[in-house]
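Starting from the known structure of chain A, arrange chains B and C on it as the hints suggest.
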Amino acid sequence: MRARTIWPGIAIVIAFVVGGLLTYAFGNDPFIAYGALVSGAFGSLYSIASTLTVTLPLAITGLAVAFSFRSGLFNIGAGGQYWLGGIAAAWVGYAVRLPPVIHIVVAMLAGALAGALWAAVIPGLAKAYRGAHEVITTLMMTYIATDLGHYLVEGGPMQQPGFTPQSPPMAPTAVIGRLVPGTQLTWAIVLVPVLAVAVWYVLQRTSLGFSLRLAGYNLRAARYAGVNPVTAILTALAISGGLSGFAGSIQVLGVDRRLFDGFDPSYGYTAIVVALLARNDPFGTLLAAVLFGALDTGANQMQIIANVPFNLAGVIQGIIIFFIAAEGLLRYFRRRRGAQAQGDLQTAPAE
Amino acid sequence: MNVLLNPELWSSALTLAIPIAFAALGGVFSERSGVVNIALEGKMLIGAFAAVAFSALFHSAWIGLLAAMVAGALTAMLFAWATVYLRADHIIAGLAIDILAAGLTGFLFNSIYGQMGTPSDTPSLPIWHVPVLRSIPVLGPILGHHEALVYLFFLVLVVANWVLFRTPIGLRWRAVGEYPRAADAAGVPVLRVKFWAVVAAGVMAGLGGADLSIGILNSFSPNMTTGRGFIALAAVIFGAWRPWGSFGAALLFGFATSLSFQLQGSAAISKNIVLMLPYVVTILALAGFVGRTTAPAADGQPYDPER
Amino acid sequence: MAEAREDARSGASKGAAAGGGEGREERVLQVRGLTKQFPGVRALDGVDFDLMRGEVHAILGENGAGKSTFMNVLYGLLRPDEGDIRLWGQPYAPISPNEAVAAGVGMVHQHFMLIPALTVAENVALGSEPRKGLALDLDAVVARLQELSEAFGLEVSPRARVADLSVGMRQRVEILKAFYRDARLLILDEPTALLTPQEVHELFRVIPQFTERGVSVIFISHKLAEVSQIARRVTVVRRGKSIDTRPTEGVTPRELARLMVGREVALQYERPEGEPGAPLLQVKGLAAEGLEPLDLEVHEGEIVAVAGVEGNGQEPLIGALSGLLPARGEVILDGRPIHHLSVRRRVEEGLGLVPSDRQEEGLVLPLTIAENLALREYYRPPFGRGGLLDLRYWLERAGEAVEQFDVRPPQPRTRAGALSGGNQQKVVLAREILGDPKVHIASQPTRGLDIGAAEFVHERLLELRSERRGVLLISLDLDEVLGLADRVLVLYRGRAMGVLTREEATREKVGLMMLGQAVAEAA
Numbered sequence: 593m594r595a596r597t598i599w600p601g602i603a604i605v606i607a608f609v610v611g612g613l614l615t616y617a618f619g620n621d622p623f624i625a626y627g628a629l630v631s632g633a634f635g636s637l638y639s640i641a642s643t644l645t646v647t648l649p650l651a652i653t654g655l656a657v658a659f660s661f662r663s664g665l666f667n668i669g670a671g672g673q674y675w676l677g678g679i680a681a682a683w684v685g686y687a688v689r690l691p692p693v694i695h696i697v698v699a700m701l702a703g704a705l706a707g708a709l710w711a712a713v714i715p716g717l718a719k720a721y722r723g724a725h726e727v728i729t730t731l732m733m734t735y736i737a738t739d740l741g742h743y744l745v746e747g748g749p750m751q752q753p754g755f756t757p758q759s760p761p762m763a764p765t766a767v768i769g770r771l772v773p774g775t776q777l778t779w780a781i782v783l784v785p786v787l788a789v790a791v792w793y794v795l796q797r798t799s800l801g802f803s804l805r806l807a808g809y810n811l812r813a814a815r816y817a818g819v820n821p822v823t824a825i826l827t828a829l830a831i832s833g834g835l836s837g838f839a840g841s842i843q844v845l846g847v848d849r850r851l852f853d854g855f856d857p858s859y860g861y862t863a864i865v866v867a868l869l870a871r872n873d874p875f876g877t878l879l880a881a882v883l884f885g886a887l888d889t890g891a892n893q894m895q896i897i898a899n900v901p902f903n904l905a906g907v908i909q910g911i912i913i914f915f916i917a918a919e920g921l922l923r924y925f926r927r928r929r930g931a932q933a934q935g936d937l938q939t940a941p942a943e
Numbered sequence: 011m012n013v014l015l016n017p018e019l020w021s022s023a024l025t026l027a028i029p030i031a032f033a034a035l036g037g038v039f040s041e042r043s044g045v046v047n048i049a050l051e052g053k054m055l056i057g058a059f060a061a062v063a064f065s066a067l068f069h070s071a072w073i074g075l076l077a078a079m080v081a082g083a084l085t086a087m088l089f090a091w092a093t094v095y096l097r098a099d100h101i102i103a104g105l106a107i108d109i110l111a112a113g114l115t116g117f118l119f120n121s122i123y124g125q126m127g128t129p130s131d132t133p134s135l136p137i138w139h140v141p142v143l144r145s146i147p148v149l150g151p152i153l154g155h156h157e158a159l160v161y162l163f164f165l166v167l168v169v170a171n172w173v174l175f176r177t178p179i180g181l182r183w184r185a186v187g188e189y190p191r192a193a194d195a196a197g198v199p200v201l202r203v204k205f206w207a208v209v210a211a212g213v214m215a216g217l218g219g220a221d222l223s224i225g226i227l228n229s230f231s232p233n234m235t236t237g238r239g240f241i242a243l244a245a246v247i248f249g250a251w252r253p254w255g256s257f258g259a260a261l262l263f264g265f266a267t268s269l270s271f272q273l274q275g276s277a278a279i280s281k282n283i284v285l286m287l288p289y290v291v292t293i294l295a296l297a298g299f300v301g302r303t304t305a306p307a308a309d310g311q312p313y314d315p316e317r
Numbered sequence: 037m038a039e040a041r042e043d044a045r046s047g048a049s050k051g052a053a054a055g056g057g058e059g060r061e062e063r064v065l066q067v068r069g070l071t072k073q074f075p076g077v078r079a080l081d082g083v084d085f086d087l088m089r090g091e092v093h094a095i096l097g098e099n100g101a102g103k104s105t106f107m108n109v110l111y112g113l114l115r116p117d118e119g120d121i122r123l124w125g126q127p128y129a130p131i132s133p134n135e136a137v138a139a140g141v142g143m144v145h146q147h148f149m150l151i152p153a154l155t156v157a158e159n160v161a162l163g164s165e166p167r168k169g170l171a172l173d174l175d176a177v178v179a180r181l182q183e184l185s186e187a188f189g190l191e192v193s194p195r196a197r198v199a200d201l202s203v204g205m206r207q208r209v210e211i212l213k214a215f216y217r218d219a220r221l222l223i224l225d226e227p228t229a230l231l232t233p234q235e236v237h238e239l240f241r242v243i244p245q246f247t248e249r250g251v252s253v254i255f256i257s258h259k260l261a262e263v264s265q266i267a268r269r270v271t272v273v274r275r276g277k278s279i280d281t282r283p284t285e286g287v288t289p290r291e292l293a294r295l296m297v298g299r300e301v302a303l304q305y306e307r308p309e310g311e312p313g314a315p316l317l318q319v320k321g322l323a324a325e326g327l328e329p330l331d332l333e334v335h336e337g338e339i340v341a342v343a344g345v346e347g348n349g350q351e352p353l354i355g356a357l358s359g360l361l362p363a364r365g366e367v368i369l370d371g372r373p374i375h376h377l378s379v380r381r382r383v384e385e386g387l388g389l390v391p392s393d394r395q396e397e398g399l400v401l402p403l404t405i406a407e408n409l410a411l412r413e414y415y416r417p418p419f420g421r422g423g424l425l426d427l428r429y430w431l432e433r434a435g436e437a438v439e440q441f442d443v444r445p446p447q448p449r450t451r452a453g454a455l456s457g458g459n460q461q462k463v464v465l466a467r468e469i470l471g472d473p474k475v476h477i478a479s480q481p482t483r484g485l486d487i488g489a490a491e492f493v494h495e496r497l498l499e500l501r502s503e504r505r506g507v508l509l510i511s512l513d514l515d516e517v518l519g520l521a522d523r524v525l526v527l528y529r530g531r532a533m534g535v536l537t538r539e540e541a542t543r544e545k546v547g548l549m550m551l552g553q554a555v556a557e558a559a
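Those sequence lines, one after another, are chains A, B and C. Following this note's numbering, the numbering of the first sequence begins with 593 at its first residue and continues without gaps. Following this note's numbering, the numbering of the second sequence begins with 11 at its first residue and continues without gaps. Following this note's numbering, the numbering of the third sequence begins with 37 at its first residue and continues without gaps.
Please keep in mind that the hints were generated in silico from the structure rather than gathered at the bench. All values reported here derive from a predicted model rather than from experimental measurement. We put the CB at the ideal spot given by N, CA and C, even for glycine. You may find that some hints are simply not true.
As the list claims (entries may be wrong) - Derived coverage of chain B by chain A (criterion: at least 3 residues anywhere in the stretch with Cβ under 8 Å from a Cβ of chain A; other residues may be distant):
id	segment
1	105-114
2	126-137
3	182-193
4	239-252
Unchecked claim - Where chain C lies over chain B, by a calculated footprint (3+ residues, C-beta under 8 Å):
id	segment
5	67-80
6	196-209
With the rest of the complex left out, here is chain A (with noise of 0.2 Å):
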C-alpha cells in the first residue's frame, strides 16, 4: 500500500529527471532551466497569479473527470462540456440583461448547465440504454463542441458584427472581477477549493456520492446494494459534465471576458492527466493543477531565460501520466519476486 501512495512523488520525480536530461542533451544547463521554471511559476506576485489562472479551470476539470472516474465512467469529453459552458455562459453574458451579481450567478449556471447536458444526454444515455462507451461518445462530443463553436462565432449567430470572429464582449454586469488588478487572475480562484471540499463531501458524505462510488468499484455489488445503474451513470456524466461546463464558464466571464474562436479539442487531456496524477483524490487534484498550472506558466518563463523550448512541459507531463498508466510495473515485480517465493502453487479447483 504505500508503493502505492508514493507511486505518482516517484513518477513527478523520474519526469523532471528525464526532462533535465533532455535539456542537457540539448546543450542546456538543468539546473538554470527549472530554476526559471520555478521562478517563473511562482517567482512574483504576477507568476503566482499567472499560475493561479492556469490553474483555475484545469482544477475544475480535474474535479470533473475525477468525479467521473470515480464513478467508473470515463469521460475523456471534459474539454467539450468545457467549450459549452463556455458557449452557454458567453451567451448569457452579452445577450441577456440582468442585474449585477445575478448576471454572473446565472450565466455561470448556464455554463454548467450546458456542460452537464452535452455530457449527460448523448453519451449518457447512449451508454446507459445501448451499452456505448463513453470514451468515444465523449470525445465526439468534443469534437462537435469545437466545431459548434467555431461555427458559433465564424459567421455564425454569436459572432459580434464585423469580421473577427468572435462573440460581443461580456456585459459589465456578467464579468467576473480581477483579484490582482494587472493579471487575469479572478476572484473565482475562491471557488476552486470550495467545489473541491463540495466534490469531497458528495463522494465521501452522501448516499449519493457512496451510490456513485459502488457503481465505480463494482457495478454487480453497486446494483446488489441497490443502486439503479441508469440513474447512476446518468448522473455521474451530468455533475462532471456539469462542472467542467463550470470552468469553462468562468474562463469565458472572467479571463477572456467573450467567446473567442480559441476551440481546441485537446483541452481535456490536462485535466485527464491531472485527475490520475492525483489519484481521482479531490484535494490531490488541485495540488497537481497547481502543479501543471506552475508548468505551464513557468515553461514560458524557462524558454526565454534558458532558451529551452516550454514543450518540455508538455514532454514532463507526458512522463508522469506514463509512469502512473504503468503502475502494473509495481504490481509486476511484486508478481515475480511473489512466485520465485512460492514455487509451483496450483489453486484447487472450483468444483
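For chains B and C alone, coordinates are given in the frame of chain A:
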C-alpha cells in the same frame, strides 16, 4: 450543387483521407488483437516528426518514410509493453503516449528547428502519375496523380486484408481479439500476438503521420495531427473493424474535410457544420442506430494468462 | 501415440473393473492410487480407474467429489502428488495439454473453448493451421472435417460461424476438434449440462459411432439416467475416492445414489422444536432464464433448503427472487407482492440475501467493514438521513456487529479485502441479519469456510429459525442441507423435482432427485 462536380473535391478527399486511413488501418490491427489504441494520435505525430527530420537530414524522403515507420514502431513497443505485459489500462496508457508524443515532438521541434520551422527544402514524397489510372473516364483525374504514399497505401491495404483473413497469422490475430482464453487453449501465444499487432499499428500510424508531413504539407508543426488519430479510431468503429471498412470511413472524413474547404467561400452551409458529420455518425453507430458495431469480443481487456 | 490394434470391438460386459487383464480387450488407460492434495483438502485420495478400448466409462459424483481434478490430471492441467497412470501400456504423466493432445487424449470441456465470431473450420484449425504457401489452407481443413464428420457421424457445416450454431452443434465442433487432432481417448466433461433433451438424444446416438471405431470415452456426469443409458461401466467417486466401479447393466439407481452420497451421519445440530407458522414467502410460477416455473413457500420459523448440483437453476432462482434478474411469476413476502419491485425495495420490504459470491457481489473489497455493513441501507435512516451519511453511526454499528459476530480483526476500519474468507462471510451475514429481514436467502453461505466458521454460520441460521424468521438456504453441500433443513426442495435442470419434509429427506432420496430421478413424495 456545383461544388460536387469539381474533381478537385474528390481528389483532395482521397488525399486528405490517407493519413487517417493509415492510422485507422493501424487501429484495426491493434483492436483486432484486443488492444484499444487511443495512442494512434501520438504515434502519428511522432511519425510525422521523424519523417521530416530524417528526410531533411538525409535529403531523401524515402529515408524519412523509413524513419517514420521505425519511430512509430518504437513508440508502439512502449505502449504495447505497458498494455500487454504490464496490463496497464489501455485508455490511460494511450493518453499517456499522446501527451508524451505531443510534448516530445514539440520540444524537439523547438530545440532543433526553432522559430524558422522545418527547412523548406525538405524533400517530400514524389508524385506519381499512373497512366493506366489516368485514362479511366471520370475517375481518371481523381485517381491518376497522387503522391507515392497514396498508392502505397492501397498496396498495404490489400496485403493487410489478405493477411488478416487468409493467413494463419491473421486467424490467430483475430482469435486473440475475440476470445484469448480459447486461443491460449489452442496453443496460440496470446501476449506475443497482441504485442506485435500493436507494433504493426504503430508502423501504420507512423506512416499516416509521415503522409501528413512529407506527403501533404511538407513541413512539421507542433500538434499538426489535430486529432486525426482520434478520428481514425472513429473510422475503425465506423468501418466495423475491417480494413476496407475503415478506409471507407476515412474517405468519408476526408470528404467532409475537403468539402469544408470547397465551401469556404459559399454561404450555403457553414463548413463547421459539415465537419461535424463524421462525429455524429460515429455516435449513431456506437449507439447501434447505424450499422452493427460489434467490436472484437475481447477488445480492451488485458489478458492475464494465469487467471 | 500408440497404434490401436484393429480388433473388433469387444461388446461383452466385462464385469467389475478391478480385474479384467485378459488379452481380449485392450486396456487403454490404467490409473492406480492417484492422489492430489491442495491446501486444506485432499481432492484425490488414491483413485483407481480403468478404461478399455471402445468403452464408454462414466464417472459419477457430486460437486467437490474430485471429478474435475481427475480430469485435469489426465489432460495435463495438473500434476498428481502420487499415483501411476498408464496410457496404452506406457507411463503417462503429461505436464501440459499439448502433451496430452499429442498422446491422443482429447477433452471436451463443459464451457466450450470456441470463438463465436469465427467459423467451425477456423476454430478447428486454430493452433495447427495447414498452409498453402503463405495462405491458410482452410479447404484442407474443411475436407478433413468432412471426412471426420462422415466417419464419426457428426454432421456439421464447416463453414458456418460458431455464433450461429446451437449449443448441441457447438459441442459437436468441440468433439471434432479433438478428433482432428487424432484423439483416441475422449474425455467428456458434463457433456449434457447445456443440452436440450433432443440434443442429448443426438449425442447419445453419435457416441457409439466413435466407440465402434476404437475411440474410448470417459463420460463425467452427475446425471444418473444418462449414465445408465450411455455407459458400459460407471465409477462412483466421493470425497476424492473412487468408491466402486460397476457395470451399468443391472445396477439400480438407488445403489448408485447411495454410493454417490454415502452413509455418513448427518451433521447434528440442536434443533429446538417448533411448528412452522404462517407463510412468509410465497412463490408461484416463478420463472427466468434457466429456471422453469416454480412454486415454493417458506414459513415462519422454517429453514427450506434448495439442493442440487451446481448449475441446475440456483443462480437464476436467486436472481429472480431478489430482483437482480428479469423474471416472471409471483413473489409474495409476508402477504405483500414484491415481484414488481426493485432490488432496493425488496430489501426494504424485508428480503435479505447473502449472495453466493461474497467477494464480487456481497462485499466491496476496497471498502471497510463499516462501509460494507452499510452496503444495502446506506441511504436511509439510521445509516443516512436526507441524502447525507451518518458515518458515526456506521462505525458504532460496525463495532457492535464485529463483536457480536466475532469478526477478526475486530477493527471496523479494516478493508474487507484484508479479511479471511470466513471473516468476510461473517461481515456479509452480520449485515443481512442485523438488517432484520423477514426472509433470508442464504446462498452457499459456508463455501470455502473451515469447519469452525461453517458451524458459526449454521448456528446463526438456526437462530434465525428460532426467532421465527424464514430462511431459504441454497446449498451444494448435502450434509448442510440435511443437517439444517425443515424441508428440502431439489433443483434439477432448472426445475423443482419435488419438496421433501425433513423425515422424508434421506440421503438417497435427495441424491436421486439431484440426479434427475423423480421420486414419489410422501403426502
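Quiz item: Within the assertion that chain C covers the segment 67-80 of chain B, do at least three residues meet a Cβ-to-Cβ distance smaller than 8 Å?
Solution: violated (count 0)
Practice problem: Examine the segment 105-114 of chain B for residues whose CB is less than 8 Å from any CB of chain A, and state whether their number is three or more. | Solution: Result for this restraint: holds, n = 10.
Quiz item: According to a criterion of three or more residues whose C-beta lies within less than 8 Å of a C-beta of chain A, is the segment 126-137 of chain B covered?
Solution: violated (count 0)
Quiz item: Would you say the segment 196-209 of chain B counts as covered by chain C, given the rule of at least 3 residues with C-beta under 8 Å?
Solution: holds (count 3)
Quiz item: Under a C-beta cut-off of less than 8 Å, do 3 or more residues of the segment 182-193 of chain B approach chain A closely enough to confirm the stated coverage?
Solution: violated (count 0)
Exercise. Mind taking a look at whether chain A covers the segment 239-252 of chain B? Criterion is 3 or more residues with CB to CB distance under 8 Å.
Key: holds (count 5)
Of the numbered hints listed earlier, those contradicted by the structure are 2, 3, 5.
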